[in-house]
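Protein chains: 2
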Amino acid sequence: MTMPKGPQAFPQAEYLRRIAAVKAEMERSEVSSLVITSPADITYLSGYTAKSAYVPQALIVSLKEEEPTFLTRRMDAPAALHQTFMDRSRVIGYPEALIADPDKDGFDAVIDFLRDNRLTGGSIALEQKYLSAKLVERFKTRIPEAKIADFSDKVPWIRLIKSDLEIATMREAAAISDAGMLRAKEVIRPDVREADAAAEIIATLVRGVNGKPGTDLRRVFLCASPRSATAHIIWSEDVFRQGSQINLELGGVRHGYVSALMRTYSIGKPSDRLRRVHDGEVAGLEAALSTVKPGATCGDIAVAFNATLKKHGLEKESRCGYAIGIDWTEPTASLREDDRTVLQPNMTFHLMLGNWIDEDFGYVISETFRVTESGAETFSALPREIFEI
Amino acid sequence: MTMPKGPQAFPQAEYLRRIAAVKAEMERSEVSSLVITSPADITYLSGYTAKSAYVPQALIVSLKEEEPTFLTRRMDAPAALHQTFMDRSRVIGYPEALIADPDKDGFDAVIDFLRDNRLTGGSIALEQKYLSAKLVERFKTRIPEAKIADFSDKVPWIRLIKSDLEIATMREAAAISDAGMLRAKEVIRPDVREADAAAEIIATLVRGVNGKPGTDLRRVFLCASPRSATAHIIWSEDVFRQGSQINLELGGVRHGYVSALMRTYSIGKPSDRLRRVHDGEVAGLEAALSTVKPGATCGDIAVAFNATLKKHGLEKESRCGYAIGIDWTEPTASLREDDRTVLQPNMTFHLMLGNWIDEDFGYVISETFRVTESGAETFSALPREIFEI
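Going line by line, the protein sequences match chains A and B.
Just add 27 to the spot in the first sequence (first one is 1) and you have the working numbering.
Just add 27 to the spot in the second sequence (first one is 1) and you have the working numbering.
Since the hints were made in silico from the structure, they are not lab data.
Which copy is meant is left open, so a pair is good if it fits within one copy or across any two.
Below are the DSBU-like pairs computed for lysine-lysine, each with C-alpha atoms no more than 30 Å apart in a straight line: (1) 32 / 212; (2) 167 / 78; (3) 32 / 189; (4) 131 / 156; (5) 296 / 32; (6) 156 / 174; (7) 131 / 337; (8) 320 / 337; (9) 189 / 131; (10) 320 / 189; (11) 296 / 338; (12) 156 / 181; (13) 239 / 212; (14) 78 / 156; (15) 32 / 78; (16) 91 / 156; (17) 167 / 156; (18) 50 / 181; (19) 161 / 78.
These numbers were taken from a predicted model, which means no experiment stands behind them.
Just need the whole structure built from these sequences, with the hints factored in.
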């Protein structure tokens, strides 16, 4: 029996459109074969979301072929047959003997594939920024006739502008994020263990909303007093207390796409300091969003945010956001003052206003938004308030 | 106000013992300063478990100093002060301006630290296997007076033999794994969505058992009919059906340590084929465990498993396990026939007997165990059966 194709997240035409954009960039860069290894890029170009990237795997895009070919470990080939849009012949499982072999690995199968299919003429591009020196050297040594070029972050720059289908998916993910935040409001109580609240919040992100389950789970950061100054602790063994402040960052996921969200909770009346910081940050958030339109730059958003925050006597040292999509933090445009990326419709960003001010005090709020024809559309329907419990 | 130290997972003496072992290896390798970047190695040597490894960070071990120094992004320094065993002066937050700067990053702060503290004499070792060519080159260019050596996987080899404290932590994690499997038995039912079952299983892994919450969440793989041949799909948008087979892999986590477990579920009576495969795999599992003792090799375990499986007319192409601890799959000893690693007490392995036999049929069972003075101790208390629903 053969593995059936699963329901596809996007129609084939959507994947072929993405691949056409990558091929256009390959032609501009004079690259004839491209070896994609970034998991997010593989998801983008094939629909594959199974978690096998801890061993070698690669999606090979050739100018000679319409569809890419995915080389993965033998045990992961059935998942690739099930999830990807490509023809069955485009999924190749390499032998399990290549796993934990001290002398060779799955990338040797990738190199063999390139050689066997005469894809070694001209220039072969790798996402070198994410590969070890030794691996890049192996490609050079084993394919001496080709020029080994660098394609790092070129696919993420293509991913920066989403299609309407991707935007619809991110809206679904955002509805899940909202549900997670609202569940947090119900379960954060004095004397409750952080882990018990996290369990409920996470379960909500998995169940999803509106008949659409979460299709993956990303990190949840629950940083509660006395840890409100921390950014990336997931939860602790502590309990909440009367007066605790809880900073929550989470993101629902649909078909590989995440929509991130941050809100701050207070058990009891927020302190004057927390209230003051909140007011300044929300003013900054609104100023930032009001600058968003095609033609403005990422830097303009950051300038507007920082200037408004300064008027409130505050300052945020870290950048105020980044591109978001398949990666939570995409390695492309950044909401910092010196980023000159020009905004275009359907670019999506996480306007991330977490502000870890002192060693013992931080505050978070954020919005994931898309650039529209004339402004910004935020995906969350939640109020921009401190959730008081 | 300063960030208080959190409760420590292990006493300071445990960390100093681990660091002493690393320093002994540094001396053997003639390395004077070591730059640790692998997240699992950082956890092992400092207690840090916050999820900030998506930006540069490094733990620096010098032969000149008793405690290591952790350089991390400014916003993550409070979490490091809270979680690590080291003195406050041993946590250094580098400026946020280094994030998303096209010209420099946090590793420039690491290099500056080495220079400023006169740690550039002699040989500086990096975990090069996991670093890009460009980054290694930057160390060489910016520290021309030092020899840049490679320390890849040397700390994981030290991690291979656990202390009794680590073993106790892995037993706690295993109790959480068992609870997750038992919860699965309660919630997997016909017409239930996979996501709803996954939500309950995952929530159990977060809540933990015996008053000890899960302190992190790793991947859960729920591969149900018609996807029983897949290994790394987390769950799908499908529902379970009468007759469905469900392969589940999960692992509870305590203080960074995971204890993995796999079991197969059947809604209704298992098919004859499933029963036959199960019987062969359990026989193989027991044969494998019976070979475990100090002095035997990893290869001996694999030989025993494969030979027994063969007697049952079966074969497993992938290796039958790997070292486990902080990493689910540690990059060291492997349970494959050609692995000559000699077993020693308190080495821990995931005897991973997932067998994806045909494109549409797979089966899973596993045990996480430690090598004892005379045999093997499995951490799970669950029966080795197909869980029939």
